[in-house]
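Please construct the entire structure, taking both the sequences and the accompanying hints into account.
So the sequence lines, in the order shown, correspond to chains P and A. Numbering-wise, numbering that gives the first Met the number 0 puts 337 at position 338 of the first sequence, and it's gapless, one number per residue. Numbering-wise, numbering that gives the first Met the number 0 puts 94 at position 95 of the second sequence, and it's gapless, one number per residue.
Think of the hints as simulated: they come from the structure by calculation, not from any bench. Idealized CB from N, CA, C, for every residue including glycine. Treat each hint with caution, since some may be false.
Claimed, not checked - A partial selection of chain P residues facing chain A, derived with a Cβ cut-off under 7 angstroms:
id : residue
1  : E223
2  : G226
3  : G232
4  : L267
5  : R340
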Amino acid sequence: MVCGTVGDLDEAVTEVWGEMPDPKARGDVADPTAARGTLDGARAQLAEPGHVPASPHQRAGAPEASGADRGMVHQDGNHDTAHHGGDHMGHYGGDHTGDQGDDHTGHHGMSDHGDDMAGGGGMEMPAGLAMAERTEDRDGLKLDRLHLTLGPLLSEWPTGLVLRVDVQGDVIQQARAETVGGTGGGSFWDEPSEWAWRGEPVTSGEVARRTAGHRLDSLGRLLEVAGWPAAAGSARWLRDDLLGGLPAALAAPRLGRLVRHVGRSRVLSQMTAGLGQGSDGDVRARYRRWLDDAVRAVASLDGPDSSGAVPATLAPPGVPPGAVLETIEQLVVGTELGVARLVVASIDPDLDDPRVAARHG
Amino acid sequence: MVEPAPWWAVLVVPAVLGAFATGAVLGSRLLAARASGAPSRPRAVLAGMCAEVAGLLVSRRRTTLAPDLVLWRLGVVGVPVAAILAVAVVPLGHWVVDDLRVGVVWFNAMEILTWAAVWAAGWGPNSAFSLVGGYRMVAQGLNYELPHMFALIGVATAAGSLQVGTIVAQQRHLWFVVWMPVGFAAFLLSVLGFSFIGPFDQPAGADLAGGVLAEVAGVDRLVLAAGRWLLLAAGAAMAVPLFLGGGLGPGLPAWAWSVLKTVGVLGALVATRHLVPTVRLERWAPLAWLVLLPLTIVQDLVAAVVVLLR
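Shown next, in the form of C-alpha cells:
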C-alpha cells in the first residue's frame, strides 16, 4: 500500500515494489476515503485464480532473484539503499543510476565489495562489483570503507530522508543528509495551527490532540527501532485512537500506563543515555520530553474554543527546524549503525515541514 | 530413571519441539496483539499466524546479487537443525532420544553451532545489513557464552556428571535452581542470546531492517524464523532437567511435569521479550563480563564447596 502523494519518491517506491516477493498486489491510496476500496481490490487481485506471479526473470538484466523485502545497501552514491524490514514494508533506495542494467536485484554492498562506480576500484568482479577502497579508521587501522545510503524508504525511518554514509565495519565515518524532492508540502501535525492562522475556528483542544498524536507517532518509531515492538504498538494504538477522537477521560489513563511503562523502563533508559548528545540533550532526554509533551497535551484536550490565532503547537524545544539535517549529520558520525538509527529516530525530522526539508539532495 | 526411547522418538522429538515453539509464537503474538489493540482472541491470533506461514510458503524465495549461496542456505537450515539436534539429550519425563554420557557438552556444542549458522546466514546474501547482523551474533556469543558455560559447569559439578539423566536424578531432594539461582538466570539469559530473540535480538534487529532476516524471503524466511523459536523452545526444555528437577514432582506423571515446567520457562522468556527493549551489545558487554561472569564463577565455587562438604 502506498499512502499519500508520492511525488519524487516515485522511483524509490517503484524499486521497492519491484523487490517485493511474488505473489503481490499494489494499491495506491491518495485519499483516506478510498482506502477500503483499494484494500478490497488488492485482496481480490491476490485471490484471483489466474493470478500468476510475475516471473522472477522478467526484470531486465536481473540474473536471478525476485526481491523480497530487500535490504539496503549499496555502495557508493549511485545505487542506494533499499532496505527492509521484516514486515516487507518498504524500504528502498533512491536515485539509482545503476549502469548495470539490473534494476537492482542486488544490492551490493559488503565490506569487501564495491560498486564498480566506486571511486577506488577498477577491478571487475563477476557480478560487476569492484573491490572497496580502504582507508584508515578511527584507530588508525586500514579498513574497507563502504558507502551506504539509508533511506529514503526504510521501515521506521523518516520517509524522504536520505542519509549517505561511509561506514567501516558498522561504524559511520562520514554522513551527508538530504531530502528527496516532494517533501516540504506542509506537515499533517501542524494543520490545526495553520487553520488557525488562516482565521478558521480551531479549538486549542484540537491543537493539543494533534500534538499528542505527533509525540506518540515519534515515540512509536523510536521504540520500534529500540527493539521494543510491544511498547511501540501501544503508542501507535493510542495515537490512532486519539486522532480518531478518543475522549480525554479515556485517553489519560492509557497514556498514564504507557508513560509508566516506557518512562520508567530502566533498560530503555540505560540503552539510550548519552546517545546523540546535542544541544537539546541525548536520545533519552528527547523521548522523555515527548512523554511529557503528550501528557500535557492530553491534559488540555478539552481546551476552550478560541477564534483566530492560537499559539502554534506546543513548541518543540528540540533542534531548530532549519538545522535538523546538519544536526543529524554531526550526531551520527562515529556511531554504530544501530545507534545512528536511534539518533535519527529521536530527532524524528518531519520532512513535510518546509522549514526542515529546506535542503534538497 | 531416564531411559532411551524407542527409535521412533527421533520422529516425535522435532514434532514436540515444534509444538512448544508454535505455542511460544502464539503466546508472543497474543501479547503483541493485546498491547497494540489488534484482535487478540486466540482464534484470531492463530488465524493470523497460519496466514503468515501460508504466505511465506507461497511467496518466492529470493536471491541477491552475487550471494554466497552455499553458506547462506547452510546458515538458514543450520539454525533449526541445531535446535533439533540439541534436544536429543533433553529428557521428556523418563524418555530421551539418547542420554549421552556427555549430554551437557552435546547441548553446548549444538548451541555453538548456531553462532556459525547465524553468521553464515548473515554473510551469505552479500548485503550490509545482513552482514552486520551476522557479526552481531558473533559478538553476542562472546558475551553470553562464558556465563552460559559456567552455569553448565555449576550444574555438572553439583551432579558430578555431564549426563542429563544423572543430573535430574541428583535433584531428587532439592532442585538446583534453589541453590544455584545465579546459574539459572545466566542460563536463561543465554537462551535468549542464542535464539536471538527478545532483548537479545540485535542480530535480527529492527534497526537493521531485520539483520540476518533482512534478505530472506519465502520458505527461507520461514525456516530461519522458525529456527529461532525452536532454539528458544530447546533452551527452555533444557533448563528443566538442568535446574528444575526434570520430570520430578508429586502426583502427575513425569512427562507432564516436564511439559508443565517447560511451558513455564518458555512463558517467562516470551514475557521478557515484551517487557524489555533490545539490549545493545556495547552496553551489555561490560555487564556480562564485569558482573554476570564473576557471579557465575562464584556460583560454581559455591557448588564445588557444597559438593566437597556433602
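Evaluation of the provided hints:
{"no.": "1", "hint": "E223", "verdict": "holds (5 angstroms)"}
{"no.": "2", "hint": "G226", "verdict": "holds (3 angstroms)"}
{"no.": "3", "hint": "G232", "verdict": "holds (3 angstroms)"}
{"no.": "4", "hint": "L267", "verdict": "holds (5 angstroms)"}
{"no.": "5", "hint": "R340", "verdict": "holds (4 angstroms)"}
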